[in-house]
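Keeping their order, the protein sequence lines are chains R and P.
Just remember that the working numbering sits 1049 ahead of the position in the first sequence, which is counted from 1.
The second sequence: position 119 = 113 (the working numbering), numbered continuously.
These aren't lab readings, by the way, just hints derived from the structure by calculation.
Please read these numbers as outputs of a predicted model, since none were measured by experiment.
Backbone N, C-alpha and C define an ideal beta-carbon position, used for all residues, glycine too.
Take the hints with a grain of salt, since some may be wrong.
Unchecked claim - One-sided excerpt, in silico: chain R residues whose CB lies under 8 angstroms from chain P:
| id | residue |
| --- | --- |
| 1 | 1064 |
| 2 | 1071 |
| 3 | 1079 |
| 4 | 1088 |
| 5 | 1092 |
| 6 | 1137 |
| 7 | 1138 |
| 8 | 1141 |
| 9 | 1165 |
| 10 | 1166 |
| 11 | 1191 |
| 12 | 1221 |
| 13 | 1258 |
| 14 | 1260 |
| 15 | 1263 |
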Amino acid sequence: MSQDQTPDENGNEHPVPRDADPQARARALQSYLIEEELLTTDQIDEVMSLYEDEIGPQNGAEVVARAWVDAEYREWLLEDGSAAIAEAFGYTGPEGTDIVVVENTDDVHNVVVCTLCSCYPWPVLGLPPTWYKSPPYRSKIVKSPRQTLREAFGVDVDADVEIRVRDTSAEVRYMVLPRRPVGTDGMSESDLTALVTRDSMIGVERLGTKHVEEL
Amino acid sequence: MDGIHDLGGMDGMGPVEREEDEPIFHEVWEERVFAMQFADSEYNVDEFRHAIERMDPAYYLGSSYYEHWLVAMEKLFTEKGTIDADELRERIDALGTAREFDDDLPERFDSNVVEAMRASHENRSSRRDESVTPAFEAGDNVVVKNSHPGGHTRCPRYVRRAQGTVARVDGGFSLPNASPHGEGKIVEPVYHVRFDAAELWGADAEGNNAVYVDLWESYLVPP
Chain R
1050 MSQDQTPDEN GNEHPVPRDA DPQARARALQ SYLIEEELLT TDQIDEVMSL
1100 YEDEIGPQNG AEVVARAWVD AEYREWLLED GSAAIAEAFG YTGPEGTDIV
1150 VVENTDDVHN VVVCTLCSCY PWPVLGLPPT WYKSPPYRSK IVKSPRQTLR
1200 EAFGVDVDAD VEIRVRDTSA EVRYMVLPRR PVGTDGMSES DLTALVTRDS
1250 MIGVERLGTK HVEEL
Chain P
-5 MDGIHDLGGM DGMGPVEREE DEPIFHEVWE ERVFAMQFAD SEYNVDEFRH
45 AIERMDPAYY LGSSYYEHWL VAMEKLFTEK GTIDADELRE RIDALGTARE
95 FDDDLPERFD SNVVEAMRAS HENRSSRRDE SVTPAFEAGD NVVVKNSHPG
145 GHTRCPRYVR RAQGTVARVD GGFSLPNASP HGEGKIVEPV YHVRFDAAEL
195 WGADAEGNNA VYVDLWESYL VPP
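Build out the structure end to end from the sequences listed, making use of the hints.
Take a look at the structure:
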């Protein structure tokens, strides 16, 4: 057995050499799956179109802006996130049929992680950034969230604000409802949508402490 | 298993590095690995996660997220007998690296497959099963069992033996510990449990914070 084929926990050797180029490995697997009729070329194109054009944090931003202008919608969103998102906007599907929305307030700041892998609410936020999937974020944010938010994201959370870290360890996916920025009274829903960032919906950015001029 | 993937609370992983204007995929092969997750397969999400957890720890830490996915697919498609490991290796040698990802690759088109995939993205069906009867209710104190199963679990190490409070009862979900090990589908209630920072990290923990973790009922006992 070579060094690159260390048996795994079940005693199984990895089927291919792990030092082989990932591009060559992906090419081999794609060609094999297509010839076995388990995958199609137009399916690949469709996945790319879905995740590069249609599904992304612009979807979550619409949800947040609606909640900022419509108190009834906000209540529904916090009560039954999946239904409020799917019925009002049509956003649902893989990694998003059971979404819980957690609300930031003057006293509480929420931040989302998946310490065990990289679970993330795809239909509203798209695919996660690399830092969200990386060992540094996954290891630190549960143990020292205040320090991590300050050092890695430049976010100072006042000592009297409770930080609630949500570890996505089961099948529910979490999205943060950030507070509305200062100075946005009277702004339209579509203008507010443009202010909502991906990071604010993960909870590594705080919008409620910022004035609209700073955004 | 107490594997390298169970990262919560570990030290020494370095700083969080953020990339400005990060693309959704950095390489074409990454986007293709992501797309292959939608192929017709015989494995479920628990088996997929467990396949990543079975990676050699040094390889896990030294490879990217989509390489983890690639590894899991290579393992599961061959272990399930869907494809043959020898032939996969031969294809890697024969096709090699190319200037354009799709050079010399076969194509196949089927609009029915595309329609089915689009429908799956419009499917609202919750994975929740409301037929279970929860043993705990919101406000109950619970303790996480000191249990270290050798196989797949979604109970992070850092909450084991800790006491928390049920913040929300989520109805039933398929227990991840069962299906990767041939035990079929077992449905149990899941709880959103709040742990105060000091309970998890001791007296020197950062003040005024709490961690909420989603835990299956069999991970928990009354205090």
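Against the structure, the hints:
no.: 1; hint: 1064; in the structure: 4 angstroms, holds
no.: 2; hint: 1071; in the structure: 5 angstroms, holds
no.: 3; hint: 1079; in the structure: 6 angstroms, holds
no.: 4; hint: 1088; in the structure: 4 angstroms, holds
no.: 5; hint: 1092; in the structure: 5 angstroms, holds
no.: 6; hint: 1137; in the structure: 12 angstroms, violated
no.: 7; hint: 1138; in the structure: 12 angstroms, violated
no.: 8; hint: 1141; in the structure: 5 angstroms, holds
no.: 9; hint: 1165; in the structure: 6 angstroms, holds
no.: 10; hint: 1166; in the structure: 6 angstroms, holds
no.: 11; hint: 1191; in the structure: 5 angstroms, holds
no.: 12; hint: 1221; in the structure: 6 angstroms, holds
no.: 13; hint: 1258; in the structure: 17 angstroms, violated
no.: 14; hint: 1260; in the structure: 23 angstroms, violated
no.: 15; hint: 1263; in the structure: 18 angstroms, violated
Going down the numbered hints, you'll see the structure goes against 6, 7, 13, 14, 15, while the others check out.
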